[in-house]
Amino acid sequence: MEPINSIPCLEKAMCKCSEELNAKVKGLNGKRAIVVCGGTGCLANHSEDLEAELKRLVKEYGLEDKVTVNHVGCFGLCSQGPFIKIFPEETLYRAVQVKDAETIVKEDLVGHRIVEDLLYVDPITKMRIAKQEDIPFYKKQVRVALHGCSLINPSLVEEYLGCGGFKGLKRALTELTPQQVIDEVTNSGLRGRGGGGFLTGRKWQFAANVEADQKYIVCNGDEGDPGAFMDCSILEGTPFSVIEGMMIAGYAFGASEGYFYVRAEYPTAVKRLTEAIKDLEEAGILGDHVLGTDFSFRVHLRLGAGAFVCGEETALLNSIEGKRGMPRPRPPFPAVKGLWGKPTCVNNVETLATVPYILREGWEKFASMGTEKSKGTKVFALGGKINNVGLVEVPMGTTLRTLIYDIGGGIPGGKAFKAIQTGGPSGGCLTAADLDTPIDYDALVAKGSMMGSGGAIVMDEDNCMVNVAHFYMNFICDESCGKCTVCRIGTKRLYEMLTDVVEGRGTEQTLEDMKAIASVLKDGALCALGQTAANPILSTMANFPEEYLAHVKDKKCPAHACKKLVSFTIDPEKCKKCSLCARNCPVSAIHGVPGKEPYVIDQSKCIKCGACLSGCRFDAIHKE
Amino acid sequence: MKIKSEVAADVRKICASYANEPSPLMMVLSAIQKKYGYIPLEVQEVVSQEMNIPVAEIYGVVTFYGFFSLNPKGKYVVNVCLGTACYVKNSQTLLDKVCEVLEVKPGETTEDGLFTVDAVRCIGACALAPAMMINGQVYPRLTPAQIPEIIDSYRKKEEA
Amino acid sequence: MNTIQVKIEGRLYDVDASLSILEAARSVGYSIPSLCYWNGGHNSLASCRVCLVEVASAQGSRLVASCVYPVAWVGADKGFEIKISSPKAIEARRTSVELLLSNHSKDCQTCVKNGNCELLNVAKITGAKDNRFPGEKSKATYDDCAPGIVRDTSKCILCGRCVERCKEAQGIGILGFEARGFETFVGPAANRSFATSPCIQCGQCVNVCPTGALSEKREIDLVDEAFRQGKYVIVQTAPAVRAALAEEFGNKIGTVNATGRMVAALHRLGFYRVFDTNFGADLTIMEEATELLHRMKGEGVLPQITSCSPGWINFAEYFYPEILPHVSTCKSPHEMEGAIIKSYFAKTHNIDPKDIFVVSVMPCTAKKGEAKRPQNAANGGLPDVDAVLTTRELALMIKRSGILFNELPEEEFDQDLLGEYSGAGVIFGVTGGVMEAALRTAYHALTGKEYGPIDFKEVRGLESIKEASLDIDGTIVKVAVASGMKDAKKLLDEVKAGTSPYAFIEIMGCPGGCINGGGQPFVKPTLQPEEGANVLKEYRQKRANILYTIDEKMTLRQSHNNKDIIALYENFLGSPCSELAEELLHTSYVSNREKFPNLK
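Protein chains in written order, with the numbering used here: chain A, 217 to 840; chain B, 3 to 162; chain C, 635 to 1234.
Do not rely on the hints blindly, as some may be mistaken.
Said to hold, decoys possible - Calculated lysine-lysine pairs in the DSSO-like style (CA-CA distance at most 27 Å, straight line):
| id | chain 1 | residue 1 | chain 2 | residue 2 |
| --- | --- | --- | --- | --- |
| 1 | B | K107 | A | K487 |
| 2 | B | K107 | C | K773 |
| 3 | A | K494 | B | K36 |
| 4 | B | K99 | A | K779 |
| 5 | A | K553 | C | K773 |
| 6 | B | K36 | A | K780 |
| 7 | B | K107 | A | K824 |
| 8 | A | K487 | B | K37 |
| 9 | B | K99 | A | K487 |
| 10 | C | K771 | A | K731 |
| 11 | A | K539 | B | K99 |
| 12 | B | K77 | A | K821 |
| 13 | C | K1123 | A | K539 |
| 14 | C | K801 | A | K731 |
Everything labelled a hint here was simulated from the structure, so no lab data went into it. As the structure is a computational prediction, the values presented were derived from the model and not from experiment.
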C-alpha cells in the first residue's frame, strides 16, 4: 500500500479502505467473501487447513473472480468452531471440517443453497439459525475491545482502516492536546482490564506529571490466568487496535517507546503482532514523526517465558529488563520509576484495545455503557461446565445470570449450577445466590471475588469446591516467585493444609490455621499476586463452609470429587455377576464368582480410579 | 566441561545480534532455548562473558522461567493442559494417564529421549477442554482412554 | 534536611523526610524488627515481611514493609498514622517469622551463629510460637568443600544480603537467587560448591548473613588435636584482630585495643609461643620494598601489586590471570612468619619443624585457603601455617576455656627471636596500610634517609580508591590503593591495558581492608542497639583508628628498623630477596581461568 505519512494521506486511506471493506461485506464489488475463523481455538481444530482447502476449491471451481477467502479473528463461540461466514448473505456455518469445504463450495457458492447441516442449532427451540445476529449467544453482546474481530483480516492494515482504525489516533493528534486525551480517557471511566481496575486516565496522568527525558508505555499481554484467553484473542483478532491504543497512550503522557510483553505460549498472537508492527512501520504510521506530526513512536516486542507472576506489572518490568520476574516494592510506582527507572505505564491488552474506541466515538458514548463506577464493556472467557464455551464481550452491569444462561446457554447435561469463578487464581467463587450480581469491579470485590482479567469458569454439582481451591493453591504455590516470605512459604503451607483436607487428614484446627495464614497473606504479601493468593480459599470457605466441614468432620467429599474420600461399592441386589468390573479393575480389587456370587470391592486395594463404575451396565456400582 | 567451539561461537553470535537492545538477556536466552532446546550451564557461562552478567544471575533467570530448560527435552513434548477450564473437566486424569503410559513424571523425559511430559497452564484451547498438545498439535476433548493410541502413533512414526 | 511530621503510635514527630518508615521510627526511638533490610537500605528487597507496620488513614488501613516505604508518603498532614503495635501488624510480623521458622532447620543450640542469629532475635521479639505451621522444607544444600566458607541453605531465609554484598560490594556475583517459589535458594550458579565456583572466599557474605546459612569453616578442632599430640603449638595474630577482638566480649566497637589481653588469653590457652604477625609484616615490607626497587630498576614489570590479601590473590587468579606477573611474589605476612618459625626459629631452638604447629589468628576466611596452597610450604613441603582461626573462632576458644577476657592483665608478645614489631606492621590491617608501611621503607632504601613526616596520610581513609605520589629525591613515585574488588577492577583494567600510571598498587580484598575482613566479629545493628543506628557506617573507621593509634604510639615505626628483623637477615637470610629469602618468603601464582573453560 502507499505510505501513510501525513494526516491527509491517512484520511484518504481511511476513505478508500472503508469503501472497500463495505463493498466486501455488502458484496458491492460483485464478489462473495468467505471469512474463516483464525482464532487459537479454531486453529487447533484445523481452520487453517480449512481455509487452504476453501481457497483450493474456489480455484478448482473457477470461482476466483467471484469469491475471496481469508481469515479473521475469533468469533467467540469457540466450542462450536471452526466457523466460517459468507458475505454478503452473512451466513454463519459452524463446526466446519475440512471435508465440509467441498459441500459449501458446491451448495452455497455455486448453488446458492444454504447448507442446513452446518448451521447453528438453538439448543432449546432446535431451530437452525443462519445469521450470527440471530443467535442468542451474540444478542446481548457489545463489541468494543473486540471491534472488528471476526470481521476484518487481522493481517491487513487496510481492513483495520476500513472499520474505523486509527480514527481515534487521528483525533488525538489533530484535535486534542495530550492533556485533553488523558481527560477524555479519565472521563470515560475506563478502568484497567487486567485485574486491579485502576482508572486508566489517572495512571496516565501520574506518568504525565513526571518530568523525564524518556517514558515508556508497556502493554501487558502476559495473560497468565489459566482458563482465560481474552488478550490472546484480541491480539490475534485485532492487533492494530492494541497498537493504536498504545500510540494514543504514548501521545497522552509523553512516551515515545512502547513495549509489548506477550506470552510465548501464544504463537499466533505473537506472529500477527509482529506482522502488524512491521506493516505499520512500513506504512509510516509507526516511527519518527507519526503521520507527519511531532509525535514519534516506536514499538518493541518482548516475549514472556512462562512465569505467571510476570502479569504483575513490576515483575513484568523486571522481566523486560532481563531479570528474574520478581515484583518490586511500591512506591516508587512504575508511573514514576518504571522500566529502566523511567516513568512507565503498564496497561493490559484489553485496556489498550478499548482506548481507540473512546477516542473515536467520544468518552460520552463509552461512559453511557455500564454501571456508575464500571464503564464500558468487558471481555470474558467463558469456560468450564457451560454450554457455550467461548469469548464474550458484554456491557458492564450485565448480571452473571445473563452471562451464564442467556449468553452461555446454561449448564450442560442438565446438571445444577454450583459456582462461577471469576478473576482466575486471584479471584473467588460466586454461588447461585450471587447470580444477580452485576458485572462491576466493586460489586464483585464486595462478593469476595474480583473482575480479574476476565476468566469466568463455571462449575457444576460434580465439582468439589475444596478440590477447586486445592487446584488453585497448587497453581499459586507453583507460580509464587519465591521472593517474599508470606507468599513463598505461606502458599506452600496452605497447599499442604488443603491437601490434608482433601485427603481426609484435615481437622477443624486445619481450617483455623488456613484462615490465619490466608489473612496475613492478604494483608502482608509484597505484590498483588500474593495478596490475592488466598482468595480462592477465603471465598470458597465463606461460600461453601459446609463442604469444608464435610471434608474435615465426616471425611466425606459431597461432590465425590476428592479421590481419597470416595469409596466405591457394589449393590449385591443389582449386581448381575457379569464380572466385567473385576476384569476392568487395574489392581484386581474386585472379587466374585461369575454368574454365581455378586462382586465385592476390597476397599484396602481399591485405588478409586472409577474404572468399574464407568464400565458397569447395570448401575450396580455406587460412588459415595 | 568445555563446550564445542562452534557452539560457543554461535552463542556469541546470538548475543551479538541483540547487542543493540537494552537488557537483552531474556531475548538471548529465548533464542538459545529455541535453537538448542535447552540452556546448559556451560552455555550460560559463555553468555555471562559476552554480556558481562554473573553466571549466578543468568542461572537464576534460567531457573526462574518455566520456558527455559537446563536439560534437553524429548523429541516430542507432550503438554497436558492443567488450565482451569481443562482441570474442571478432569485433565488431571489425562496427565496421569500420559505419565503412566510413558512411565515418567511430569517434567521428565523418557529414557529413549523421545517424549517429555509437561503439565502446562492453559494453551488457549479452553473451548476444546480437556486438551493436550504434542509439538503444537492440539488434541481436543480427550479422555484418558485415547491417550495410549495417540502416544503409539508417535512411536510408530519413529519406527517407520 | 527536609523534615516531615509523622504520627507514630498516636504521637507526632518531626523526622527526616528522606527516610523509610523503619528508619524514621528508629530515629525517634522505636524499634521495628527486620531481617532483609540492611545498611541503610542498600539491601531492601522488602521480602522478609518481618518489618510490616500498619498505615492507617480515614480511607482505611493496610500493612506496608516499613523498611522500604518512604515516610514522605505517610505524613501526618495527609492524615496518616503509623501503627507498629496494632494487632494486625503484630500478628503479621509474628506469622512471617513463624513461616520462616517452619522452613528453617532449627538446630539452634549447635548452630555456629548461636548468639548472633537475627532470626532467633526476631522470633523472640515477635513472640513467634514454635511449630505453628509444620510442613515440608525446601530442598537444602550443605557445602563445606571450600576452605573458608560453609553454606547451609537449610538456614537461609532468602534475605539477599549476601547476594547484594557479593555483587555490589565485591563486583563478583558468585551468589544469586536460583529456582523459583518454595524451591528458591541462594547459591553459586547451578548450586555448585564454593570450591568449584570462582569464589574468592573473602567472607563478606558471612558477615552480613543474618542466620547460620553462611559461616566460616572452623578449624578449632585442628588446634585441639595439635595440643593433644603434644606439638609445639605456636600462635601468631594479625594486626586487625586486636582492633576488633574485644567486641566479642561486650566492648563497644573501637573502644578497646585488645592487644595485651589477647596475648594474655593466648598464654592462658597454652600456646608454646605467642607471636605477632606484625613481625611477618615487617619482613614482608623488607622483601616487598626490595622487590619494588628491583622492578623500578627494570627487573620485572610495573606497577607492582601487593600480595598480602588472599581474597585478592584468588580474585586475580580467577579473573585477571594476565596481570599475575605484576603481583608481588612475597608471601603474606603470616605465611612468611610461619616459614621463619619452621626454619630459623626451629633451627635456633633445635626443634624438628615437623613437631611445630603454627596457628594464625586472622580477620579473614580466605587465609584458611591460603594456608593450604602447595606454594606456601617452604620447609620441605611442611605447610608454613597449619591452622587459621578467625577472630570469631579465637573468641570462642577463649570463652570455652573459662577465661574472663575483660579482666585479664595486659601481657606482651613473646620476645624470642621474632618478637619485636613496628608500627608499620600494625597498619597492615587497614586499607592503605601496606602502602604506607612500604613507602616508609622504600624511601629509606632509595635515599638512605627516613621519610620525615613518617605518616603518609594521602593513602589513609576508607574510600575504596585512593591515589597519591611521593617525591623520593626527585623521583616521583605514583601509587594507588584499592579495597573491595568492585573498585579494584578499575585499577586492574588499567594494568591489563598497559595504561596504569602507577608504580605500586595496594589491593585488599575486603572493603576497608582487614579490619572489615570476613572473619571479624559480626556487626549487627539489631543485635547491638548500644552501638547506635549508624554503626554500619562507622565501625570500619573506629577499628582503623585503633590501629593508627597503636602505630602513632610506637617508637619503632619503620620495618627496616626492627632489630629482630635486622638480626634475622644478619644471622639467617642474608639480605632481602636473597636466595634463601626467595625460597622461604616468596611464592608463586597460577591462573585458575582454565577451571572455567567457557570464559573467554
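Each hint tested on the structure:
1. B:K107 - A:K487: violated (32 Å)
2. B:K107 - C:K773: holds (18 Å)
3. A:K494 - B:K36: holds (22 Å)
4. B:K99 - A:K779: holds (16 Å)
5. A:K553 - C:K773: violated (36 Å)
6. B:K36 - A:K780: violated (41 Å)
7. B:K107 - A:K824: Given pair K107 of chain B, K824 of chain A holds - Cα atoms ~20 Å apart, limit 27 Å.
8. A:K487 - B:K37: holds (18 Å)
9. B:K99 - A:K487: violated (33 Å)
10. C:K771 - A:K731: Roughly 21 Å separates the two Cα atoms, so the pair holds.
11. A:K539 - B:K99: violated (37 Å)
12. B:K77 - A:K821: This hinted pair is violated, its Cα atoms lying about 37 Å apart.
13. C:K1123 - A:K539: holds (24 Å)
14. C:K801 - A:K731: violated (39 Å)
In summary, the numbered hints that this structure violates are 1, 5, 6, 9, 11, 12 and 14.
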